[in-house]
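Enquirer: With chain A fixed as given, assemble chain B onto it according to the hints.
Protein chains in written order, with numbering that gives the first Met the number 0: chain A, 0 to 336; chain B, 0 to 336.
Keep in mind that the hints were calculated from the coordinates and are not lab data. Among these hints, one or two may not hold up.
Lysine-lysine pairs mimicking DSSO-like chemistry, simulated, CA-CA at most 27 Å apart [said to hold, decoys possible]:
#1 A:K69 - B:K189
#2 B:K69 - B:K270
#3 B:K301 - B:K69
#4 B:K301 - A:K49
#5 A:K189 - B:K301
#6 A:K270 - A:K69
#7 A:K189 - B:K49
#8 A:K49 - A:K301
#9 B:K302 - B:K189
#10 A:K49 - B:K189
#11 A:K189 - A:K302
#12 A:K193 - B:K49
Every value quoted in this text rests on a predicted model; they were computed, and no experiment measured them.
There are 2 protein chains.
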Amino acid sequence: MHNRLGRQTVALERPSVILSHAAVGGRQEGDGPLSDYFDHLCEDSFFGEKTWEKAESAMQKMALSRALEKAALTPEELDYILAGDLLNQCIGTSFGLRDFGIPFYGLYGACSTMGESLALASLLIAGGFARRAGAMTSSHFCTAERQYRMPVPYGSQRTPTAQWTATAAGCVILGAEGDGPRITTVTCGKIVDKGIADANNMGAAMAPAAYDTLSAHFAATHTGPQDYDLVLTGDLGVLGRQIVEDFFARDGVDMSENYQDCGVLLYDIQKQDMHAGASGCGCSASVLCGYLLRRMAEGHLKKILFAPTGALLSPTSSFQGESIPSICHALTIQTSD
Amino acid sequence: MHNRLGRQTVALERPSVILSHAAVGGRQEGDGPLSDYFDHLCEDSFFGEKTWEKAESAMQKMALSRALEKAALTPEELDYILAGDLLNQCIGTSFGLRDFGIPFYGLYGACSTMGESLALASLLIAGGFARRAGAMTSSHFCTAERQYRMPVPYGSQRTPTAQWTATAAGCVILGAEGDGPRITTVTCGKIVDKGIADANNMGAAMAPAAYDTLSAHFAATHTGPQDYDLVLTGDLGVLGRQIVEDFFARDGVDMSENYQDCGVLLYDIQKQDMHAGASGCGCSASVLCGYLLRRMAEGHLKKILFAPTGALLSPTSSFQGESIPSICHALTIQTSD
Chain A
0 MHNRLGRQTV
10 ALERPSVILS
20 HAAVGGRQEG
30 DGPLSDYFDH
40 LCEDSFFGEK
50 TWEKAESAMQ
60 KMALSRALEK
70 AALTPEELDY
80 ILAGDLLNQC
90 IGTSFGLRDF
100 GIPFYGLYGA
110 CSTMGESLAL
120 ASLLIAGGFA
130 RRAGAMTSSH
140 FCTAERQYRM
150 PVPYGSQRTP
160 TAQWTATAAG
170 CVILGAEGDG
180 PRITTVTCGK
190 IVDKGIADAN
200 NMGAAMAPAA
210 YDTLSAHFAA
220 THTGPQDYDL
230 VLTGDLGVLG
240 RQIVEDFFAR
250 DGVDMSENYQ
260 DCGVLLYDIQ
270 KQDMHAGASG
280 CGCSASVLCG
290 YLLRRMAEGH
300 LKKILFAPTG
310 ALLSPTSSFQ
320 GESIPSICHA
330 LTIQTSD
Chain B
0 MHNRLGRQTV
10 ALERPSVILS
20 HAAVGGRQEG
30 DGPLSDYFDH
40 LCEDSFFGEK
50 TWEKAESAMQ
60 KMALSRALEK
70 AALTPEELDY
80 ILAGDLLNQC
90 IGTSFGLRDF
100 GIPFYGLYGA
110 CSTMGESLAL
120 ASLLIAGGFA
130 RRAGAMTSSH
140 FCTAERQYRM
150 PVPYGSQRTP
160 TAQWTATAAG
170 CVILGAEGDG
180 PRITTVTCGK
190 IVDKGIADAN
200 NMGAAMAPAA
210 YDTLSAHFAA
220 THTGPQDYDL
230 VLTGDLGVLG
240 RQIVEDFFAR
250 DGVDMSENYQ
260 DCGVLLYDIQ
270 KQDMHAGASG
280 CGCSASVLCG
290 YLLRRMAEGH
300 LKKILFAPTG
310 ALLSPTSSFQ
320 GESIPSICHA
330 LTIQTSD
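Chain A on its own, in the form it takes in the complex (with noise of 0.2 Å):
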């Protein structure tokens, strides 16, 4: 029987290794702090695909192929894939994976997917289910944008609360055994709603969620931002993190220390014009894949929290008047210490 702590938090006794990982980005991720940390980058927008669509399935492809070369292994190697991504029906994914022919699992958690396939994964490994397990997301700003807002070519204005959603992917292999950091607890989030309705404020949307995944994990744990080298949130940007650093303030937490959020991280949000930052399910996927996760192989990082957001809203629900649902997921990842 594994460790419940609390309500949400499991501590798994039987932790899952991160066998592989590998993060795919485009032209502005290529300009971004961090383009050393992803292992393809793309200038084409397309990917050489007659679609954007197209393309972001293509990007799924290639984070899920590196990563299964990088640990050796053939899809027939994996016992499940757990994905999704933010378009509708998530056909990023369906028709990312449709040729892998791997047991699939379909996933809708917005911007917090990689949080929750790696949560799910995590919890089919240590419940003895499956060796080895694969957590993926993407997303695409053009097809994010035509999706959810106008068409590129439109040229809508931005405001300044807008986040740019990355065009990433970022795929990790997990298995019951080897080498690499392990996952040692799964915090499940709940769906928070604070009454923001105003869709181009995400971060002000999903903060209110962050905290509350964030206060039950410590609280389940009995850890507190300053036992892990870093606490990452989503794609919450400048506001949205400034909104949960607030919101622990009031309860004594110093978050400033050693917290941080994907969505500032991924881009040089001045020089590139980046408005609040990054978003989309492949900003916190390719920040962990790429950057987090190669910090953590050379030593730099220890034991992170790592808590992606999302905003389970939907241009629909929007156009009727509704507020913004959201949700955050929460993982300790650390090296063998």
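Expert: Only chain B this time, still in chain A's reference frame:
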């Protein structure tokens, strides 16, 4: 360690128990032959809400509330809920679950979602990560029509192979212990795409996935259709069901005795003019949560193989000339023997 049978099937040493179940439906479902098995039927397609999307969320709220009530549980007593739907970004689910405060993993499995949610919820319980978990999904004819095809008021003519999206929701509450039918095996599907590109013939697109998963399940468990009181696919309809029978006939397996499809059962196809039958996440969900589980409780069925099917397309993928990737997840559900 649980018993992995082949690559796709897990035999659960700690089967999860179905503590309760609830089915909600609309007018057409109330006019059909399974009418008496629903917990709640609503004549108003808006379910008292202002839009059909909000109506779909209302159906999920009703199904979950009713299932909790029947199990004498509060939302706080559920460790997880796993759910999804057909709407863009699964808003039927996120808005339906928003006020319950239950740790949530969002799924996208198209019409296979009842199978996927039961599979993952069973594995979480069997792995010792949850004492109780919910599995839920929904679909709504009017939300699906305007999202996938045409707004209902256009009065588009439907092709003979078209199916009618069920306006229905189903919810199952699973527990680690208690009385009720048990889920004893879980078979995870792979994406199968045989090149069918006609979005008005979902049965043909999904039948190969059903055949693939059922075959894998039969091989892994050394069983055949004769070992079940009923083998049920999700929503293949009249045509898809026939294709599955034909595929198995080629292997020398006779499915004619005890194989049925939820899409054939839900409506009186001739009288209600439902063309090829029912479809939608709510089809297999409500047939399970209404008819099938009641038939099990009454002792008419002791062991069934429940295999919901999903078509992982979107209108965009069809517009871009893509064929239809499909998936099917299967579960053995049996009463104590």
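Enquirer: Work down the list of hints and note, for each, if the structure agrees.
Expert: Verification of the supplied hints:
no.	hint	in the structure
1	A:K69 - B:K189	holds (23 Å)
2	B:K69 - B:K270	violated (33 Å)
3	B:K301 - B:K69	holds (21 Å)
4	B:K301 - A:K49	violated (51 Å)
5	A:K189 - B:K301	violated (36 Å)
6	A:K270 - A:K69	violated (33 Å)
7	A:K189 - B:K49	holds (26 Å)
8	A:K49 - A:K301	violated (42 Å)
9	B:K302 - B:K189	holds (24 Å)
10	A:K49 - B:K189	holds (26 Å)
11	A:K189 - A:K302	holds (24 Å)
12	A:K193 - B:K49	holds (22 Å)
Hint compliance for this structure: hints 2, 4, 5, 6 and 8 are broken, all remaining hints hold.
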